[in-house]
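**Q** Build the full structure now, drawing on both the sequences and the hints.
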Amino acid sequence: MVAFWTLFKKEVKRFLKVMMQTIVTPFMSSFLYLLVFGVSLGAKMNDVYAVSYLAFLIPGLMMMGLMNNAFQNSSSSIAVMKFSGDLEDIRVTPLSSHHILMAMGMGSVIRGLAVAVVTYIVGVIFYFVQFNEFLGISHPFVLAYFVLVGGFIFGLLGICAGFWAKSVEHVAAFTNFILLPLLYLGGVFVSIETLPNWAKTLSAYNPVLYLINGMRYGVLGIADVGLMHSIVVSAIGLVVLYGLAFVALKKANFSRW
Amino acid sequence: MNALELIDLKKNYGALSAVKGVTLTIKPGEIFGLLGPNGAGKTSIISIVTTLEKPTSGQVKVFGYDVLKDPMETKRRIGVVGQEIVNSGFFDVYEILEFMSGYYGILKNKERIEYVLHKLGLYEHKNKKVKQLSGGMKRRLMVAKALVHKPALLLLDEPTAGVDISLREDLWSFVRELQQEGMSILLTTHYLIEAQELCHHIGIMDRGQLKCVGPTAQIIEQFSSKKIMIKLRTDRDSLTHKNFLRKRDGFFEFHIPSHDSMGNLFRELSLTLEDIDDIKTEQGSLEEAFKHVVAK
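Sequence order for the protein chains is A and B. Everything in the first sequence is counted per the numbering used here, starting at 1 for the first residue and increasing by one. Everything in the second sequence is counted per the numbering used here, starting at 258 for the first residue and increasing by one.
A few of these clues could be false.
As the list claims (entries may be wrong) - Below, computed lysine-lysine pairings styled on DSBU-like, alpha-carbon distance capped at 30 Å:
1. B:388 - A:17
2. B:284 - B:553
3. A:13 - B:365
4. B:365 - A:9
5. B:367 - A:17
6. B:267 - A:166
7. A:13 - B:376
8. A:9 - B:383
9. B:311 - A:166
10. B:407 - A:250
11. B:385 - A:9
12. A:13 - B:407
Honestly, the hints are just simulated from the structure, not real lab data.
**A** What follows is the structure in structure tokens.
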């Protein structure tokens, strides 16, 4: 347990030491997204499920920030350790594979959660300024479930990417060609009900859709996808990703780049 | 129980055989020097012992625990100082040592960390980041990382590569202290004079094979020659002998195998004590034995 706690603490301390990059930059992105899409364009858009476009956008951006940062936390942590040479430390010490996955996964959840909270606060301020009312949380336990599961899934995905990558460029390619398309096509900015049928069918195979909709249900009490459906798909996603990350860790090369 | 036991250990990297059936044991509380030219397979062996690499075949036991079957038990007993310097960028020296302690399951380790920091001359640098340390300090930090959990077996893979003589002397004296406290130490180094002074046992490897292993004095005796210089009361132009080297400053110089006796030489030269004015001897060195073994 001490070994798990130590690695978890190290993961959290690491991103707190570079807060400008890990918290302030996502804050800036959320601010701009909400200003440009939520406030400016949103004023010209129809309400979605009887809520304003700004309200629709806030949970989507929260989940996008959470997943993106959870992925970045574990993948960049491994990439940096491979670069500096101290990845060997976690191999030669008695840290079990489960300790490593749980600690790095939870570290990713914490960074993702921090970004999601920052995005929510910015969104609530914009919402208050525009509509003069507070945007509360409809289902806090549902929200907590999707924060935990979503952050963990993407933390584990970051572990896979970090161990599979042979260079920093590989991690960047994974982010740009796999992660970002999944995020942008997962229903952050639009309801899948507004998509053409073929795109709607395709989106049903995007696991991110269920996480974003789960988060949206947690905040607004509405979503494109049924809550149980989202819960089950994301739980399956977690189990699959844990298995993949376990294999990636077992087969990993801990040598320096 | 042996501190480390390698049994017919083999490691292949594709078509390359890096370790070819090495068998050796390290006794508790001894310093064992694993020597060999670059590419001999020393680091591969250390990587297998620390579980960074898997052996192709053979067995490795640390205090009786198999590294493949009980890796957690073996890891708890091992401290390792790798060849390359690590540059953890985010954390300071003290934080790094706290993390290492935690990985070994030790939550509060202030006393040991401070002891190690003092011993390695790093205490006043404990709040510095790694990039602020000199090369020598970085090396010492790597040694400190390996010692925070009081390992029973310390693996030092060329710990003094590229460091100045004063630091090397400090480090070797600390290694001696650790050995006196009961720690077993496996050391690889290219500084053979230091290995000769420090190590109880030596193993010499070349191209993946363990060419010879044994007590340091025995290896030197077996594979090196000693120089005997004799000055006679009555000067002569020459002394005929197969091991005669040269005559210099009135001394006749002979190179004889280290295990050969001086008495034999005198008999073969038909000399008695009355014929001799002065005698000097120079013992063979590990360096000479090493060259001899590797050249074979």
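**Q** Hint by hint, where does the structure go against what was stated? Just the numbers, ascending.
**A** none
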